[in-house]
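Let's have the full structure, built from the sequences with the hints guiding it.
Residues per chain are reported as follows:
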Amino acid sequence: MTMRLFYEAMWIQKAGSPEEEYEDAFWPRRSVSGESRQKETFAIADGATESSFSGVWAKQLVRAYCRGRIDPLRTNTSLLPKQRGWARFVGRKPLPWYAEEKIRNGTFSTILGLTLDAGSENGRSGAWNAFAVGDSCFVHIRDEEILSTFPLSNAAEFNNSPFLLGSNPESNKDIEIHIQTAKGRWESEDTFYLMTDALAAWFFREVEDNGTPWRSLRDLNRDLPFRPWIEDLRTKKQIRNDDVTLYRIEIE
Amino acid sequence: MAYSAEISRNNPSCFLFLIDQSGSMADTFTGEAGKKKADGVADAINKLLQNLVIRCAKEEGVRDYFHVGVLGYGANIGPAFGGALAGKELAPISEIANSPARIEERNKKVDDGAGGLIDQKIKFPIWFEPTSSGGTPMCQALNGVKGILQRWLGQHPNCFPPAVIHITDGESTDGDPGQAMSDLKALSSNDGNVLLFNLHISSNANAQPIAFPDSSASLPDQYSRLLFDGASVLTPFMRSEASNHGFNPSEGAKCFVLNADLVLVIQALDIGTKPSNLR
Chain A
20 MTMRLFYEAM WIQKAGSPEE EYEDAFWPRR SVSGESRQKE TFAIADGATE
70 SSFSGVWAKQ LVRAYCRGRI DPLRTNTSLL PKQRGWARFV GRKPLPWYAE
120 EKIRNGTFST ILGLTLDAGS ENGRSGAWNA FAVGDSCFVH IRDEEILSTF
170 PLSNAAEFNN SPFLLGSNPE SNKDIEIHIQ TAKGRWESED TFYLMTDALA
220 AWFFREVEDN GTPWRSLRDL NRDLPFRPWI EDLRTKKQIR NDDVTLYRIE
270 IE
Chain B
29 MAYSAEISRN NPSCFLFLID QSGSMADTFT GEAGKKKADG VADAINKLLQ
79 NLVIRCAKEE GVRDYFHVGV LGYGANIGPA FGGALAGKEL APISEIANSP
129 ARIEERNKKV DDGAGGLIDQ KIKFPIWFEP TSSGGTPMCQ ALNGVKGILQ
179 RWLGQHPNCF PPAVIHITDG ESTDGDPGQA MSDLKALSSN DGNVLLFNLH
229 ISSNANAQPI AFPDSSASLP DQYSRLLFDG ASVLTPFMRS EASNHGFNPS
279 EGAKCFVLNA DLVLVIQALD IGTKPSNLR
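Taken in order, these protein sequences are the chains called A and B.
Each position in the first sequence, counted from 1, maps to that position plus 19 in our numbering.
Each position in the second sequence, counted from 1, maps to that position plus 28 in our numbering.
Rather than coming from a laboratory, the hints here were simulated on the basis of the structure.
Hints should not be assumed to be uniformly reliable.
[Unchecked claim] With a cut-off of at most 30 angstroms between alpha-carbon atoms, the simulated DSSO-like pairs for lysine-lysine come out as follows:
id, chain 1, residue 1, chain 2, residue 2
1, A, K192, B, K75
2, B, K213, B, K116
3, A, K256, B, K64
4, A, K192, B, K63
5, B, K86, A, K112
6, A, K192, B, K64
7, A, K192, A, K112
8, B, K149, B, K64
9, B, K116, B, K137
10, A, K192, B, K137
11, B, K136, A, K101
12, A, K192, B, K116
13, B, K149, B, K63
14, A, K255, B, K149
15, A, K78, B, K86
[Unchecked claim] Here are the in silico distance ranges between beta carbons for each label pair:
id, chain 1, residue 1, chain 2, residue 2, range
16, B, N126, A, D90, 39 to 49 angstroms
17, A, R93, B, G144, 17 to 27 angstroms
18, B, A129, A, P113, 18 to 28 angstroms
19, B, S268, A, E250, 24 to 34 angstroms
20, B, P158, A, G110, 46 to 56 angstroms
Think of the CB as a built atom: it goes at the ideal place given N, C-alpha and C, for glycine as much as any other residue.
Pasting the structure below:
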């Protein structure tokens with residue numbers, strides 16, 4: 020069986036930074052309207068500000084996850100080729116002393132992956148499974164209600180030093196206790212919103228204040244242009260100034 | 029809420045190092061046998077600057093999240109950078125990164141990922157060499173810092189408050205510096221008061237290393253107590269960072285260390301997501 024999906028990623032870099040300093044990543048890169056698929060995987064990632072070349076690492080991670088090259092059961096082993104790829108990328112040319120020292124510490128990123136599977140049913144329902152390290156989150160909405168959130172579920176859980184996937188194998192020694200996985204069922208007309216931390220924290224705060232933030236996310240790039248909306252939230256100090264990525268996935 | 033301003037290239041903060049270069053710094057200190065206090069000061073400031081530069085480094089270069097100055101006091105009082113930075117009261121951190129006097133290679137023990145340690149060669153830039161001559165005009169030096177920061181705050185009224193890192197053996201020769209420290213801490217941006225960190229390098233045989241105490245009861249002498257009294261109180265964010273690094277500072281813990289490492293101060297500034305597994 021197949022399912023019909025409408026999906027679109029929206030993103031904006033941190034205020035005060037040029038676009039090329041955007042260090043989140045998402046995959047697939049192209050938006051799709053109404054394509055029928057048997058199985059589709061989505062991923063977003065958030066490269067850490069505190070490390071160099073974290074945007075490159077985040078991109079490698081989302082692409083690898085969506086191509087099935089990161090195995091949640093053998094994360095460290097399956098990451099090795101990506102880690103070597105990152106090291107090759109950053110080692111291409113001589114760097115000043117501080118850049119060398121920074122790279123020695125490796126780089127870091129969150130990852131959140133979601134796979135929707137139409138299974139063998141009638142295309143009106145199916146299974147999902149998810150994988151996360153760090154604080155990028157999704158919410159699953161059905162009939163104007165939050166059905167599930169993953170991996171975090173309230174605003175107080177966000178802090179400035181989450182455990183992240185590192186490009187140095189020794190940074191990931193304790194990774195098993197930080198990997199989160201989940202699975203569930205989807206039905207037609209469900210929506211999933213994948214968000215990096217600043218937007219996810221805003222979402223949960225709105226919910227905690229009895230708001231319905233999914234309505235705003237639903238209207239984005241339709242009645243409500245995404246970038247001015249984020250800029251307005253920043254001006255009103257309702258959202259932390261950070262790169263923001265939203266992946267909206269609607270099932271027909 | 030105080031101490032919550034974003035530190036960014038559009039709204040940078042400021043670090044001012046105040047270093048004691050007086051004659052008494054030629055004495056040995058209780059940290060390492062045979063090591064002069066002046067060597068301890070030079071090591072401390074080179075390490076702090078190295079950490080600050082690395083924190084601000086990104087792939088395209090060093091981002092100017094901070095402007096940095098170093099004021100020395102001893103036979104003279106004045107900006108203590110040499111080379112291309114000579115005479116500057118404050119310089120963007122990217123200029124400091126690109127202007128060390130020399131770069132040494134040192135060995136560092138690092139985790140080999142298999143339960144052991146291996147030696148790794150690291151680059152260690154040197155901006156300062158040990159210096160010691162003249163008296164200890166601490167009051168005058170603190171007033172000099174106040175003048176520099178007043179000018180900075182006039183130009184950056186919304187900045188995360190400047191931090192002053194004062195490294196000394198505490199033996200002021202121009203009077204009690206208590207008032208000058210209070211005057212310095214009274215300066216403020218719209219985000220809070222200037223933070224004064226005192227790093228006491230002591231020759232006192234009873235001086236055990238101490239970091240971020242909340243009382244002066246266990247300090248060995250009047251110099252330590254004076255520097256403890258003059259230091260600011262740690263901000264809540266700094267306290268929580270200190271806890272992540274194995275300290276356990278109480279609510280009244282001061283920005284004071286005795287013969288101990290102050291690198292935590294650099295780590296405890298919020299310039300973006302810092303992974304918990306980045307060490």
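Now for the hints, and whether the structure bears them out:
Note on K192/A and K75/B: the hinted pairing holds, with a Cα-Cα distance of about 28 angstroms set against a maximum of 30 angstroms. Taking the CA atoms of K213/B and K116/B, the gap is about 23 angstroms. The hint holds against a cut of 30 angstroms. Among the hinted pairs, K256/A with K64/B is inconsistent with the structure: their alpha-carbon atoms are about 50 angstroms apart, more than 30 angstroms. A C-alpha spacing of about 38 angstroms is found between K192/A and K63/B, which places the hinted pair above 30 angstroms, so the restraint is violated.
Pair hint K86/B plus K112/A holds up; C-alpha atoms about 15 angstroms apart against a cutoff of 30 angstroms. In summary, the hint linking K192/A to K64/B is not supported, as the alpha carbons are separated by about 40 angstroms, beyond the 30 angstroms threshold. Pair hint K192/A plus K112/A holds up; C-alpha atoms about 29 angstroms apart against a cutoff of 30 angstroms. Pair hint K149/B plus K64/B holds up; C-alpha atoms about 25 angstroms apart against a cutoff of 30 angstroms.
Taking the CA atoms of K116/B and K137/B, the gap is near 36 angstroms; set against the 30 angstroms cutoff, the hint is violated. Restraint check for K192/A and K137/B: satisfied, since their Cα atoms lie roughly 18 angstroms apart, inside the 30 angstroms limit. Distance restraint check for K136/B and K101/A: the Cα-Cα separation of roughly 27 angstroms lies within the 30 angstroms cut-off, and the hinted pair is therefore satisfied. With a C-alpha separation of about 45 angstroms, the suggested pair K192/A and K116/B falls outside the 30 angstroms cut-off, and the hint is violated.
Of the supplied pair hints, the one linking K149/B and K63/B holds, its CA atoms being roughly 23 angstroms apart against a limit of 30 angstroms. Of the supplied pair hints, the one linking K255/A and K149/B is violated, its CA atoms being roughly 48 angstroms apart against a limit of 30 angstroms. Of the pairs offered as hints, the one joining K78/A and K86/B holds, with about 17 angstroms between alpha carbons and a cut-off of 30 angstroms not exceeded. With their beta carbons about 43 angstroms apart, N126/B and D90/A fall inside the hinted range of 39 to 49 angstroms.
At roughly 24 angstroms, the beta-carbon separation of R93/A and G144/B lies within the given 17 to 27 angstroms, and the hint holds. The hinted range of 18 to 28 angstroms is satisfied by A129/B and P113/A, whose Cβ atoms lie roughly 21 angstroms apart. One distance hint, 24 to 34 angstroms for the beta-carbon pair S268/B and E250/A, holds here, with the actual separation near 30 angstroms. Between P158/B and G110/A the beta carbon distance is about 36 angstroms. The supplied range of 46 to 56 angstroms is therefore violated.
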